[in-house]
Amino acid sequence: MRSLFANLAKPFTQTAGLARWMLVIGVLLTAFFVVCAVFAPWLAPYGFAQSSSHGTPFPKVAPPSSQHLFGTDRLFFDVLSRTIWGARTALEVVILSIVVCVVVGVPLGIVSGFYGGWLDRILVLIMDALYAFPSFLLAIVFSFLLTGLLGGTVVAVSLSLSVIYVPQYFRVVRNTTLSAKEATYVEAARAIGASDLAIMRRYLFGNVIQSVPVLGTLNAADAILTLAGLGFLGLGIQSTDAAEWGHDLNRALADAGGGVWWTGLYPGLAIVLLVTGLTLVGEGLNETLNPTLRRRRLLPVVMPVREPTTSLPEEQS
Amino acid sequence: MAMDLTDESTVRPPGEPVISARDVRVWYGTTRGAIRAVDGVSFDIAPGETLGLVGESGCGKSTLGRGLMGLLPAGAKRDGEVLFRGQDIFSLSSKASYALRGSELGMIFQEPLTRLNPLMRISQHFEETIKQHEPGLSKDEIRDRALEVLRLMGIPPTRYKSYPHEFSGGMRQRLMIALALVLRPAFVVADEPTTALDVLVEAQIVQILNDLRSNFSTSLLLITHNVGIVAEACDRVAVMYAGRIVEQGKVGDVFKNPQHPYTRALLRSTISLSTTGLHFIEGAPPDLVDPPDGCRFHPRCPEAMNVCATKNPVNVERAGGGRVECWLAGPEQDIPTGGKQPLKQEELTVADEA
Amino acid sequence: MSRAGSGSLPRYIFQRIVLVIPMIWVILTLVFFVLRVAPGDPVSAALGSKVSPQALANARERLGFNRPLIAQYWDYLSSVAHGDLGTTFSDNQPVLRVVRDNGGATLSLTLAAFVIALAVGIPLGLLAGRYRDSVADVVIRMFGIVSYAAPIFFVGYLLQLYVARPLGLPTSGAAGPFTVLDVHPKTHILLIDVFLTGNGADIQDVLRHLVLPAVTLGLLICGVFIRLVRVNMLTTMQADYVEAAEARGIQRGKVTWRHAFRNALVPVITVIGLQFALLLGGAVLTETTFNWPGLGQKLVYYINNRDYGAVQGIVTVFAIAVVLISLLVDIVNALIDPRVRF
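Protein chains in written order, with our numbering: chain A, 1 to 317; chain B, 318 to 671; chain C, 672 to 1013.
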């Protein structure tokens, strides 16, 4: 357990100057939004689809005021509340999609790497093709299909995102499996008659699972942008189902001509800050894990003053 | 046929060394503390002389070579005095010392495969180097100079426009040597030039290094862990251990009459056709962040005495010329009473992986 | 082992082209099956509920939906091979015509954005890598991160609010109404066609319309280039041949430029091809934000109409474009890096 904490702390203790600052800021930003997401019902002054309070309807497209700190939009919603609730939506979608990615991608990667053969070849071909495809287009296509099936819900959008990212998990896990399965302890396990399932479960899984968290962090940043993009196009979550920053920006764009800045600025800023935070964490972790890029904190060298040694006995040339 | 390429500027009156190092220290900064890779090294190299610097991995020989050239990583610090033709290169401004590189001080590295820019032709490498230090030369003059030195290395002019990846490892090392020598520097450091090469190629390179003395009259510091090469290509040898030179002198003499126990152990562990049993030195080199008190070799020395664990040995002149740093060689008057008793050694644990 | 001169470049190109074909086939198969897998009836979804059942049945027959799946698949593949991308369901146009009319706008937007991204991103990445951990490095890196984190539509939104009006730049469409009337669609790429007219006012109009969308999209991608070039610079600066050059006393500036930077760029060129996929995705969002009449906007339109035929055709075009661009990039890479051909 202590080694786990030591490992978690390594990015902080072993990096110097800037890399550490970036990591700290990133973690703070991310934590801020996680707090917003978790405590949204208590933090947000109103509900995300609430257009009136105590019987009085909210004003339409009203600039920021004491009752509505971030103003209201054209659907009579309070912008501050929608922004805070949006954090919850974002996190829900991203976490769900990563969970699906892991649940699908990791076993597929292990099985594919372990057995090889035609199954492996087919899977690799499919995954590579998915990977090569412009990811946003893929997201559009899948959300187009899935929203037809499931409606514009969190689940539908999460699944669309999962489709884009599964190939990355598959690839990483498969490569790790390929190298791990050559290990001698795997050979030994086979020799004593362990079943394939047992080998995969006990030996390969532990090895393979280590690369997942880093991938997850990097994916999360991208996933939030993709989610917002889908929302902007109207393909994601609808306004009344949940608060989603991208969708709010879509409505805000139409108001931009009239000089209305508050409906779009806050959701947009939220996206920028959260994605920046996640990216900083990802970059910071990357700097730590990649030795060539790491800038260690070197202790300065202090040499004691040199005492002149006895003179060199002369050489005879 | 050896061409004598010396000219007035590289000839020095006999007896005045090209390089004169005194108390050189090179310490690395790390997260744990300072590594004392080179901790008080002194030597001289005469014009046209080859000094072999030999020792185990991690003894600091590579660091010394790089320290002389100024090619140290961030956080490293060097100290001491190195007179190059009478001028202390350690106290020069970084600009001035940078200007010496290539034209006065040259370096031959260990891994030839990665030392040439893969996107540049060989001709471009030479043009760049020569133009940097002698900007007035015409393109033809540059080409002639390059081809001349390449010929001495056995590389035909038809390959002048090729890319580095079109050459084998041995040829690339010869290219590196040619590049290092094209401006006729007075002093060259060769850091394990043959370690990455196979035996046959190694022999060719050693021959080239041998001929350096007559062809170019360059002084060479040849860093290697291969004692055989030292015997073939060097005039004098310095044996290094844990950041200090424990013995130096003429090659023939040191190898025939090694006076330091480490030198003896090193020579004994060399394998040749007459080897019947394998010898190795027990234990591992010390931690250079916190070296042992007294003589650094004493934990592994079969002949260690009590004084070796407490007092640093001093340099004494050897019989046969040169120096040795060992209490076994004296001076007697500095050894306290009881100091000459054999030291009780702790059981040496198996060496960790280096 | 050692071979004088460069050779077999044509052979390398041929090999790469041959490898592209299975990739395209897999993508086409994916596109086909993914769209067929969706539940619900694509035909009625496209044509709406106001159409009589008989008309629906006719449409279904005409569009080939009654045939077995494998037959439909084969039809699809063979028509793509002949350059026929099908017909849209909702407005009954050949998809190829849609691509022809709108592809030019997407192309000019994407290329302009690409150029901006390169022109901004590469020098900044070089600076950041060379002067690591300096103030410049920090600022540049933060700029790169934030520019990527800011969604295109948000940047577009901000630009429309605060930059467009003061600078008098248009925020919608690719050209004003009069310009559109003036220009004859010769190449179907507005940017080229307007230059062909030689009319200064028209050219200016088109360019002014291009500025905001191209800058928006370009800034998004430049963050990626900054990061790429910077990381490659850091690695290259530590390369053995860089140290060897310093050991020969080569001037620092020359070492940076000739040894570090050029070598750092080589892997970047490969990745540039991959970024094109990113650009295409971004194009869809940019076109929607700025009402730019490109293929991306059309895609969104057809998606909202649930027009499977159109979506299938346009997505096919995008996918093939990506594959071809990456092929092109590989060939350029081979031209630049002499090691690749062996």
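Hints were generated in silico from the structure; no laboratory data involved. Ideal Cβ placement from N, Cα and C applies to all residues, glycine included. Take these hints with a grain of salt, some might be off.
Here are the computed lysine to any residue pairs in the SDA-like style, where the Cα-Cα straight-line distance is at most 25 Å [what the hints assert, rightly or not]:
no.: 1; chain 1: B; residue 1: 567; chain 2: B; residue 2: 604
no.: 2; chain 1: B; residue 1: 448; chain 2: C; residue 2: 917
no.: 3; chain 1: B; residue 1: 394; chain 2: C; residue 2: 917
no.: 4; chain 1: B; residue 1: 478; chain 2: C; residue 2: 857
no.: 5; chain 1: B; residue 1: 412; chain 2: C; residue 2: 925
no.: 6; chain 1: B; residue 1: 657; chain 2: B; residue 2: 581
no.: 7; chain 1: B; residue 1: 478; chain 2: C; residue 2: 750
no.: 8; chain 1: B; residue 1: 478; chain 2: C; residue 2: 937
no.: 9; chain 1: C; residue 1: 925; chain 2: B; residue 2: 451
no.: 10; chain 1: C; residue 1: 925; chain 2: B; residue 2: 420
no.: 11; chain 1: C; residue 1: 925; chain 2: B; residue 2: 428
no.: 12; chain 1: B; residue 1: 394; chain 2: C; residue 2: 1008
no.: 13; chain 1: B; residue 1: 478; chain 2: C; residue 2: 1008
no.: 14; chain 1: B; residue 1: 478; chain 2: C; residue 2: 682
no.: 15; chain 1: A; residue 1: 181; chain 2: A; residue 2: 241
no.: 16; chain 1: B; residue 1: 478; chain 2: C; residue 2: 1004
no.: 17; chain 1: C; residue 1: 925; chain 2: B; residue 2: 409
no.: 18; chain 1: C; residue 1: 925; chain 2: B; residue 2: 657
Simulated coverage check for chain A against chain C, where a stretch passes if three residues somewhere in it have a Cβ under 8 Å from a Cβ of chain C [to be verified]:
no.: 19; segment: 119-132
no.: 20; segment: 173-185
no.: 21; segment: 231-241
These are the hints, each one checked on the structure:
This hinted pair does not check out: residue 567/B and residue 604/B have alpha carbons roughly 30 Å apart, beyond 25 Å. Using a Cα cut-off of 25 Å, the hinted pair residue 448/B and residue 917/C holds, with the two alpha carbons roughly 14 Å apart. Of the supplied pair hints, the one linking residue 394/B and residue 917/C holds, its CA atoms being roughly 18 Å apart against a limit of 25 Å. Restraint check for residue 478/B and residue 857/C: not satisfied, since their Cα atoms lie roughly 48 Å apart, outside the 25 Å limit.
Restraint check for residue 412/B and residue 925/C: satisfied, since their Cα atoms lie roughly 15 Å apart, inside the 25 Å limit. A C-alpha spacing of about 20 Å is found between residue 657/B and residue 581/B, which places the hinted pair at or below 25 Å, so the restraint holds. With a C-alpha separation of about 51 Å, the suggested pairing of residue 478/B with residue 750/C is violated against the 25 Å cut-off. Restraint check for residue 478/B and residue 937/C: satisfied, since their Cα atoms lie roughly 21 Å apart, inside the 25 Å limit.
About 16 Å separates the Cα atoms of residue 925/C and residue 451/B, which keeps this hinted pair within 25 Å; it holds. Our distance criterion of 25 Å between C-alpha atoms is met by residue 925/C and residue 420/B, whose separation comes to about 17 Å. For the proposed pair residue 925/C and residue 428/B, the alpha carbon gap of about 23 Å is at most 25 Å, so the pair holds. Between residue 394/B and residue 1008/C the alpha-carbon distance is near 38 Å, which puts this suggested pair outside the 25 Å criterion.
For the hint linking residue 478/B to residue 1008/C, the alpha-carbon distance of about 16 Å falls within 25 Å, and the restraint holds. Only pairs whose Cα atoms come within 25 Å are accepted, and residue 478/B paired with residue 682/C is accepted, the gap being roughly 23 Å. Between residue 181/A and residue 241/A the alpha-carbon distance is near 46 Å, which puts this suggested pair outside the 25 Å criterion. For the proposed pair residue 478/B and residue 1004/C, the alpha carbon gap of about 21 Å is at most 25 Å, so the pair holds.
Between residue 925/C and residue 409/B, the direct Cα distance comes to roughly 22 Å. Compliance with the 25 Å bound is thereby established for this hinted pair. A threshold of 25 Å between alpha carbons decides the hint, and for residue 925/C with residue 657/B the separation of about 60 Å lies outside it, so the pair is violated. Counting residues of the segment 119-132 of chain A whose C-beta lies closer than 8 Å to any C-beta of chain C gives 6; at least three are required, and the coverage claim holds. Counting residues of the segment 173-185 of chain A whose beta carbon lies closer than 8 Å to any beta carbon of chain C gives 0, which falls below the threshold of three, so the coverage claim is violated.
Proximity of the segment 231-241 of chain A to chain C, defined as three or more residues with a beta carbon under 8 Å from a beta carbon of that chain, is established by the 4 residues found.
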